[in-house]
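Peer 1: Each chain is listed here by its residues.
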Amino acid sequence: MSSQPSHEGFPWKHVIGFVLSILLTVMALWLVFSLQLPVSTEIVSILVLAVFQVLIQLLLFMHLTERDGPAYHVISLIFGAFIAFTIVGGSIWIMAFRSMVS
Amino acid sequence: MLHSILQIGDKYFMWNEGPMIWTSDALIVLTSLGIVGLLTYLKRWKWLWDEWLTTVDHKKIGIMYIIAAFAMFFRGGMDGLIIRAQLAIPNNHFLTAEHYDQVFTTHGTIMILFMAMPFIIGLMNIAVPLQIGARDVAFPYLNAMSFWLFFFGALLFNISFVIGGSPDAGWTSYAPIAGPFYDPGVGENYYLISLQIAGIGTIATGINFLVTILKMRAPGMTLMRMPMFTWSVLITSVIIIFAFPVLTVTLALLMFDRLFGAHFFSVTHGGLPMMWANLFWIWGHPEVYIVILPAFGVFSEVVSTFSHKRLFGYKAMVVSLVAIAILSFTTWVHHFFTMGAGASVNSFFSFSTMLIAVPTGVKIFNWLFTMYKGRIEFTTSMLWALAFIPNFLIGGLTGVMLASAPADYQYHNSYFLVAHFHYVLIAGTVFGVFSGLYYWWPKMFGQKLNERIGKWAFWIFMISFNMTFMPMYFVGLMGMTRRMYTYPAGLGWGPFNLIETIGALGMGLGFVVMVFDIAYTIRHPEKDLTGDPWDGRTLEWSIPSPAPEYNFAVIPEVKGIDAYWMMKHPKEQEPGPVKAVDKSKIRPIHMPNNSYRPFIISVAFFVAGFGFIWQWYWLGIPGLIVVAIGLFLRSFEYNDEHFISTEEIERTEIAAGRL
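Listed in order, the protein sequences are those of chains A and B. Heads up: the first sequence begins at 1 in the numbering used here, then just goes up one per residue. Heads up: the second sequence begins at 1 in the numbering used here, then just goes up one per residue.
For the record, the hints were derived by calculation from the structure and aren't laboratory data. Quick reminder that beta carbons are idealized off the backbone N, C-alpha and C, glycines included. Take these hints with a grain of salt, some might be off.
[Said to hold, decoys possible] Only part of the chain B face toward chain A is listed, based on derived beta-carbon distances under 8 Å: (1) 242; (2) 246; (3) 249; (4) 278; (5) 327; (6) 329; (7) 333; (8) 338; (9) 342.
[As the list claims (entries may be wrong)] Here are the in silico distance ranges between beta carbons for each label pair: (10) 69/A x 641/B: 19 to 29 Å; (11) 75/A x 19/B: 55 to 65 Å; (12) 69/A x 23/B: 56 to 66 Å; (13) 498/B x 46/A: 47 to 57 Å; (14) 619/B x 43/A: 46 to 56 Å; (15) 35/A x 23/B: 42 to 52 Å; (16) 400/B x 75/A: 27 to 37 Å; (17) 23/B x 73/A: 52 to 62 Å; (18) 39/A x 49/B: 53 to 63 Å; (19) 478/B x 35/A: 53 to 63 Å; (20) 48/A x 638/B: 39 to 49 Å; (21) 43/A x 338/B: 22 to 32 Å; (22) 479/B x 97/A: 22 to 32 Å; (23) 75/A x 524/B: 26 to 36 Å.
[What the hints assert, rightly or not] Computed far set for chain A versus chain B, every beta-carbon distance over 12 Å: (24) 17; (25) 23; (26) 27; (27) 28; (28) 30; (29) 34; (30) 49; (31) 55; (32) 58; (33) 59; (34) 65; (35) 75; (36) 86; (37) 94.
Model the full assembly from the supplied sequences, consistent with the hints where possible.
Peer 2: This is the structure in structure tokens:
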């Protein structure tokens, strides 16, 4: 309760992370709007950018590598991965019927 | 002049729709004037601003959440009564089809997002910090933000009724019906943007309570010693954090479709309308558990307290909560089995849905075993908990019927489904929050709600509830589908519908009796001077009622489950009252300052949202700029805390008879 959050120097990490995350978003938009790529290439490149986005969030904002935290840090990361996999994988599986119908 | 005013009235206020809308306008204006007049007459503006609008105290925020939830219960309940009035007899044309669409849309949206959610979050705010021996939540300022974002989101949604027209594509707002092509006008924009604003507040609440529970427990309170309500809130917070961002993204995508001409969910131009259903239910199914799990937590507390026994199977309760949380993310397809995904998809989700019945059943048995051989005290709070078990069971078991994908082709979107989800949401969530309200009311206000009137309200509401929704199972099996605005005579549906309407009126009466109970209690308070009116087991009952601003003069030391019970019944020495606060341990207490900014930022969000709804960017963009300025100022605020001196704590504790 009594411990104040420490303000040690300028939060460079956060600023870099912020700029990079915006940059990646702009790149994804530019890719779709300005380049006439085939759809599959577009999707793959957006996915690659998304993976970088995740890494930036984990490394620069969530301090993944900084120190050993309590066990629930790992549990919540695993749960997050599980949810991401369920939502993305599940959606692809569920919506696959569309290609069967057409 | 008059002509142009009338034109504006027709365009923005729908004055051409007749006397009903004029009456609503008049009532809203009169009520607003009445509130303003009353506050001015009683000279309460400063009090309102200092004590409530700028507060960051979790107890006051909780009370405001519950007041807002009651108001929304009234609004959503009126919608429900209008639906029942329309369906009471065959071939009724009390409402047009279009108005009927608007009424069931607002009924569903308000009841789930603006009644159930804030009521639950209100109880979380009131009870969780007290149960874990904390002095506030982890982020009090953010807590105030959450409340005001919810409040102005709800306000924005409600004004659609008289300004521009209500959303009318169902509370699920399925594309492409809710898209710009089939549903022009501002109604759906209201839905998208007000939910978005309230949703930001909810995500913040999830983060706030997760951190509060993980970081701010009193010494000795390990995770496996937490009260069951706190456990349920912890798990709920996790579900909120993972589910609500999906809603945010989904709403934003449809907003792009409607405001900026994108084609995420349109039929043409490569849109994928069914993706809306998919994404909506990825959020929507966990949402069901967000509103039910805290109610389970309330029942655990209430059943254990009024059976005067320890909760049976504490560990099994925790494990089943965790299991429900994980499974809740793997069942969403059962809301659209009939969409046409393959047999393997439907089989998988059918199975995962049925699986949820297992941990839920474990919990039901644990409550029963808690009561077994207990000394049960039939307070109003306990009555709601007792009624929950059989009524919820009816809802749950019909849920298992619906989970069977082939059979669901028969039940889908029939009144059978409507009956099912009202049985789980009312018998689960609504009974739960009412139970919690009667249970924690003494802690909120220092007085008990009148039990006799409360029991009247309970019996009227509970019997009428069954009268309203039980016939829906049958009429659903007879083929009546959801959301139809009228039906022909001669199908045998008429009598059932009439009974349902009478039941709905009874539920309205039960609600009125409950509000009367609150008014009666304010006039004739039965003071709770002990702080522990129910012979409670958890830490919130160890402090005076109502809880002082700083909650605990001295942070308690926890030695096991049911910490306060153990303090009252120590093993080593003679049992006795443990009210006294040890004077030597009182230290100055560090508390957050009030802030006007959460209120202002949320007003700016409201203005910005209103601008975007009407596509008035000259209004929307400045609104967002004010939001940004508010966030910027907050980032550079350093003196936002104060200390309460030991003398003041001693004065408060002496006044409460604790020192």
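Peer 1: For every hint, state whether the structure bears it out.
Peer 2: Consistency of the hints with the structure:
Against a cut-off of 8 Å between C-beta atoms, the interface hint on residue 242/B holds, since the closest Cβ of chain A lies about 5 Å away. Using the Cβ-Cβ criterion of 8 Å, the hint placing residue 246/B at the interface with chain A is satisfied: the shortest such distance is roughly 7 Å. Hint on residue 249/B is violated. Least Cβ distance to chain A is approximately 10 Å, over the 8 Å limit. Interface restraint check: residue 278/B against chain A, minimum CB-CB distance 6 Å, threshold 8 Å, status holds.
The interface hint given for residue 327/B is violated, since its Cβ lies 11 Å from the closest Cβ of chain A, which is over the 8 Å cut-off. For residue 329/B, the shortest C-beta to C-beta distance to chain A is roughly 6 Å, which falls under 8 Å, so the interface hint holds. Hint on residue 333/B holds. Least Cβ distance to chain A is approximately 6 Å, under the 8 Å limit. With its C-beta approaching chain A no nearer than about 12 Å, residue 338/B sits outside the 8 Å limit, and its interface hint is violated.
Evaluation of the residue 342/B hint against chain A yields a held restraint, the C-beta minimum of about 5 Å falling below 8 Å. The hinted range of 19 to 29 Å is satisfied by residue 69/A and residue 641/B, whose Cβ atoms lie roughly 26 Å apart. Distance hint check for residue 75/A and residue 19/B: the Cβ-Cβ separation is about 59 Å, which falls inside the suggested range of 55 to 65 Å. At about 59 Å, the CB distance of residue 69/A to residue 23/B agrees with the hint of 56 to 66 Å.
The hinted range of 47 to 57 Å is satisfied by residue 498/B and residue 46/A, whose Cβ atoms lie roughly 56 Å apart. Checked against the hint of 46 to 56 Å, the pair residue 619/B and residue 43/A fails, with Cβ atoms roughly 37 Å apart. Hint check: residue 35/A to residue 23/B, Cβ distance near 57 Å, so the stated range 42 to 52 Å is violated. As the Cβ distance of residue 400/B to residue 75/A is approximately 30 Å, the hint placing it in 27 to 37 Å holds.
Under the hint 52 to 62 Å, the C-beta atoms of residue 23/B and residue 73/A, about 57 Å apart, fit the expected range. In this structure the supplied range 53 to 63 Å holds for residue 39/A paired with residue 49/B, their Cβ-Cβ distance being about 56 Å. In this structure, residue 478/B and residue 35/A meet the distance hint of 53 to 63 Å, their C-beta atoms being roughly 58 Å apart. Under the hint 39 to 49 Å, the C-beta atoms of residue 48/A and residue 638/B, about 41 Å apart, fit the expected range.
Restraint check, residue 43/A to residue 338/B: a C-beta distance of roughly 29 Å satisfies the suggested window 22 to 32 Å. The hint said 22 to 32 Å for the Cβ distance between residue 479/B and residue 97/A, and at roughly 27 Å that hint holds. In this structure the supplied range 26 to 36 Å is violated for residue 75/A paired with residue 524/B, their Cβ-Cβ distance being about 50 Å. With a minimum CB-CB distance of about 16 Å to chain B, residue 17/A clears the 12 Å threshold, and the non-interface call stands.
Under the 12 Å C-beta cut-off, the non-interface status given to residue 23/A relative to chain B holds; the minimum distance is some 20 Å. A cut-off of 12 Å between C-beta atoms confirms that residue 27/A is not in contact with chain B; the least separation is 19 Å. Annotated as non-interface, residue 28/A keeps its C-beta farther than 12 Å from every C-beta of chain B; the closest such distance is 14 Å. With a closest Cβ-Cβ approach of about 17 Å to chain B, residue 30/A is found to remain outside the 12 Å limit, as its non-interface label requires.
At roughly 17 Å from the closest C-beta of chain B, the C-beta of residue 34/A stays outside 12 Å, upholding its exclusion from the interface. Non-interface status of residue 49/A relative to chain B is upheld: no Cβ of that chain comes within 12 Å, the nearest being about 16 Å off. For residue 55/A, the requirement that its beta carbon stay farther than 12 Å from each beta carbon of chain B is met, with the minimum near 18 Å. With a least CB separation of 16 Å from chain B, residue 58/A remains clear of the 12 Å interface cut-off, as annotated.
At roughly 20 Å, the least C-beta separation between residue 59/A and chain B is larger than 12 Å, which holds for a residue marked as non-interface. The claim that residue 65/A lies off the interface holds: its Cβ sits roughly 21 Å from the closest Cβ of chain B, which is beyond the 12 Å cut-off. At roughly 10 Å from the closest C-beta of chain B, the C-beta of residue 75/A falls inside 12 Å, breaking its exclusion from the interface. With a minimum CB-CB distance of about 6 Å to chain B, residue 86/A fails to clear the 12 Å threshold, and the non-interface call is violated.
The Cβ of residue 94/A sits about 5 Å from the closest Cβ of chain B, inside the 12 Å cut-off, so the non-interface label is violated.
Figure legend: structure checked against the earlier numbered hints; hints not met, in rising order: 3, 5, 8, 14, 15, 23, 35, 36 and 37.
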